[in-house]
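Now for the letters of each chain:
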Amino acid sequence: MDKLINITHAFRVWQRHFTVYRKLYKSSIAFNFIEPVLYLVALGFGLGAFVREINGVPYINFIAPGLIASSAMFATASECTYGTYVRMTYQKTFDAILATPVNIYDLVAGELIWGATKSVLYGSIIAVVISLFGLTSSPAIVLIVPLLFISGLIFAETAVIATALVPGIDSFSYFFTLLLTPSFLFSGIFFPIDTLPPIVAKIAFFTPLYHLVNICRAFSTGMLNTVTPDIIWLIAVAALLAPYPFRLMKRRIVQ
Amino acid sequence: MNVITANKLIKDYNSLRALNSIDFEIREGECFGFLGPNGAGKTTAMSIIYCFMPPTSGEVKVFDMDVLKQPSEIKSRLGVMPQDNNLDPDLTVLENLILYARYYNIMKKDSLPQAWKLLDFVELREKAAVNIQKLSGGMKRRLLLARALINDPDLLVLDEPTTGLDPHSRHAVWDQLGRLKSGGMTLLLTTHYMEEAEKLCDRVAIMDSGKIVKLDTPSNLMQEHGGHLEDVYMKLTGKSLEG
Chain D
330 MDKLINITHA FRVWQRHFTV YRKLYKSSIA FNFIEPVLYL VALGFGLGAF
380 VREINGVPYI NFIAPGLIAS SAMFATASEC TYGTYVRMTY QKTFDAILAT
430 PVNIYDLVAG ELIWGATKSV LYGSIIAVVI SLFGLTSSPA IVLIVPLLFI
480 SGLIFAETAV IATALVPGID SFSYFFTLLL TPSFLFSGIF FPIDTLPPIV
530 AKIAFFTPLY HLVNICRAFS TGMLNTVTPD IIWLIAVAAL LAPYPFRLMK
580 RRIVQ
Chain L
60 MNVITANKLI KDYNSLRALN SIDFEIREGE CFGFLGPNGA GKTTAMSIIY
110 CFMPPTSGEV KVFDMDVLKQ PSEIKSRLGV MPQDNNLDPD LTVLENLILY
160 ARYYNIMKKD SLPQAWKLLD FVELREKAAV NIQKLSGGMK RRLLLARALI
210 NDPDLLVLDE PTTGLDPHSR HAVWDQLGRL KSGGMTLLLT THYMEEAEKL
260 CDRVAIMDSG KIVKLDTPSN LMQEHGGHLE DVYMKLTGKS LEG
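Chains D and L are the protein sequences, given in the same order.
Taking the numbering used here, the leading residue of the first sequence gets 330, the next gets one more, and so forth.
Taking the numbering used here, the leading residue of the second sequence gets 60, the next gets one more, and so forth.
Hints may contain errors.
Unchecked claim - For each label pair, taking beta carbons as the anchor points, the in silico distance ranges come out as:
| # | chain 1 | residue 1 | chain 2 | residue 2 | range |
| --- | --- | --- | --- | --- | --- |
| 1 | D | Phe347 | L | Tyr72 | 34 to 40 Å |
| 2 | D | Thr337 | L | Asp179 | 42 to 48 Å |
| 3 | L | His287 | D | Ser500 | 48 to 54 Å |
| 4 | D | Ile336 | L | Asp82 | 37 to 43 Å |
| 5 | L | Asp213 | D | Ile564 | 41 to 47 Å |
| 6 | D | Thr524 | L | Leu75 | 54 to 60 Å |
Unchecked claim - So, partial list: chain L residues that the calculated Cβ filter (under 8 Å) puts toward chain D:
| # | residue |
| --- | --- |
| 7 | Met124 |
| 8 | Ser131 |
| 9 | Lys134 |
| 10 | Ser135 |
| 11 | Asn145 |
| 12 | Asp147 |
| 13 | Leu295 |
Rather than coming from a laboratory, the hints here were simulated on the basis of the structure.
Positions of the beta carbon are idealized from the N, C-alpha and C atoms, including for glycine.
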C-alpha cells in the first residue's frame with residue numbers, strides 16, 4: 330500500500346453500509362439466520378437421535394457452537410462477494426464514493442470492516458439463539474465477539490479478493506461451491522475431523538472456519554485454555570491476507 | 060487564476076491511447092467545455108481531474124495541487140455530477156444527500172439545511188421522502204446535481220449533464236447551471252450537444268481521438284469558421300458530432 334488508510338473515510342463507508350442495512354435487514358436476515366437454526370433442528374434432533382453423543386457431549390450440543398462460526402462465515406462471504414460486486418458494478422456506488430474525499434484504500438477498508446461486522450452480527454445472533462436453547466454451558470461465550478470480528482476480516486478479505494478477480498457475478502458460485510461449502514462440511518462442525526483420513530484434517534487446518542469452530546466450541550463450554558493456537562492462527566492469517574484485497578481492488582477499479 | 064492546469068497529459072488503457080498529450084488551463088469562474096463525440100477522450104480527461112484515474116504521464120494540478128499527491132484535498136473542494144446514475148437506490152431523495160455529505164465529514168445538523176436548500180434549487184423538495192427508484196430520469200439527474208453541490212464546491216465537474224434528457228428537463232438543468240455560473244462557480248463539462256456548449260460555455264476545447272484540435276470561445280470559433288459550433292466541429296475534424 331503506497332498510502333495509508335484514512336480511518337474516518339473508511340468509517341464513512343462502513344456507516345453508509347450500516348445505514349442501508351438498517352433499512353433492508355428485515356428482508357434478508359432470514360437467509361443467514363433461519364438456515365443455521367434449520368441445521369440445528371434437523372441434524373441436532375434428527376441425526377442426534379442416532380448419534381446421541383460425540384466425545385461425551387450430546388450431539389445437538391456438539392454441533393450448536395460450530396453453527397455460530399458457519400453463520401458468521403456465510404454472512405460475511407455473501408456480503409463481500411454479491412454485496413460488494415453489486416456496489417462496484419450495477420449500482421456504481423463505488424464511483425459515487427470515490428468522487429468524494431474517500432479514496433480507493435479507504436473504500437476497501439470500509440468494505441472489509443463492514444464485512445467483519447456482519448460476522449459479528451450473524452455469529453452473535455446464533456450464539457444468543459443456542460444459548461436460549463440451553464446449548465451453551467459457559468458465560469465465556471460472550472468472548473467470541475472480538476474473535477468473530479477477526480475471523481470476519483479473513484472471510485471479508487478472501488471474499489473481496491474473489492470480487493476483485495471474478496469476470497462476472499455468476500462466478501461467485503465457484504467460490505461458494507469449491508471453497509465455502511467444503512469448508513462448512515469439513516471444519517469439524519458436524520463431526521470431529523480426526524475421524525477422517527489425516528489428509529482432511531491437514532486441509533481443514535488451512536481453513537479459518539476450522540479454527541473458529543474450535544474457538545466457538547471451547548468458549549461455549551468454558552474450556553479456554555485449548556484455543557490459543559487457533560486465535561494466533563486467525564490473527565496471523567488476517568494480517569497476512571490484508572494487502573491483497575487493497576491491491577487487487579485498486580487494480581480492478583482504477584485503471 | 061487557474062483552477063486546473065494540465066501539461067502534456069497522456070492516458071493509456073493497455074494499448075489504447077485515450078489522451079494524447081493534451082494541455083489546457085481552466086480559469087476561476089469560467090465555464091469550460093470539452094466537446095466531442097463518444098470516444099474522443101472527454102470522460103477520461105474528466106476522471107483524471109477528479110482524481111478517479113491517475114494519468115499515465117504529464118501533470119495535472121487542481122487548485123494548485125497535484126492529482127496524484129493530494130486527491131482527498133482536491134476532491135473535498137469538487138462537486139462531481141456523473142454521466143451514469145449512481146444514487147443509492149435503497150434510500151430516499153433526502154437520505155441520499157445527507158449520506159453523501161458524510162463522506163465530506165459534513166454532519167447532519169449542517170447538511171440538512173444545505174440539503175433542503177439544494178432540493179429547492181433543483182425543485183425536488185416535495186420528493187424529499189420518495190425512494191430513488193420512483194424518480195423519473197430527469198429528477199434523478201437533478202438530484203445528482205444537488206448531490207454534487209452538497210459540499211458547496213469551488214469547482215463543479217459535469218459529465219454529459221443532459222444526455223438522455225427530454226428537452227424540457229434539459230432546459231431546466233441548463234437554467235440551474237446558468238444560475239450557478241452567475242453565482243461565480245467554476246464549471247467544467249463534457250458534452251456532445253452543440254447547443255449546450257453554445258449556451259453555457261465561455262471556452263470550449265474541441266476534442267477528437269484523444270487530442271484537443273482547437274481551444275477557443277464559441278463565438279470566436281463560429282466567427283472564424285462560420286455557422287454554428289456543429290459546422291465548426293465538422294470543419295475541424297471532418298466528422299459529425301452525433302457519429
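Status of the hints after comparison with the structure:
Separation of Phe347/D from Tyr72/L is about 35 Å and conforms to the stated range, judged on CB atoms against 34 to 40 Å. At roughly 30 Å, the beta carbons of Thr337/D and Asp179/L sit outside the given window of 42 to 48 Å. Judged by the Cβ atoms, the range 48 to 54 Å given for His287/L and Ser500/D holds: they are separated by roughly 49 Å. In this structure the hint that Ile336/D and Asp82/L lie 37 to 43 Å apart at CB holds, the actual value being about 38 Å.
In this structure the hint that Asp213/L and Ile564/D lie 41 to 47 Å apart at CB holds, the actual value being about 45 Å. At roughly 57 Å, the beta-carbon separation of Thr524/D and Leu75/L lies within the given 54 to 60 Å, and the hint holds. Taking 8 Å as the C-beta contact cut-off toward chain D, the hint placing Met124/L at the interface is violated, the least distance being around 13 Å. A cut of 8 Å between beta carbons decides the hint on Ser131/L: the least distance to chain D is about 4 Å, and the hint holds.
The restraint placing Lys134/L at the interface with chain D holds, with a minimum CB-CB distance near 5 Å, inside the 8 Å limit. The beta carbon of Ser135/L is positioned within 8 Å of a beta carbon in chain D (closest approach about 5 Å), and the interface hint is therefore held. Hint status for Asn145/L: holds, given a least beta-carbon distance of 4 Å to chain D, under 8 Å. A hinted interface residue such as Asp147/L counts as satisfied when its beta carbon comes closer than 8 Å to some beta carbon of chain D; here the least separation is about 7 Å, so the hint holds.
Interface restraint check for Leu295/L: the shortest CB-CB distance to chain D comes to about 29 Å, outside 8 Å, so the restraint is violated.
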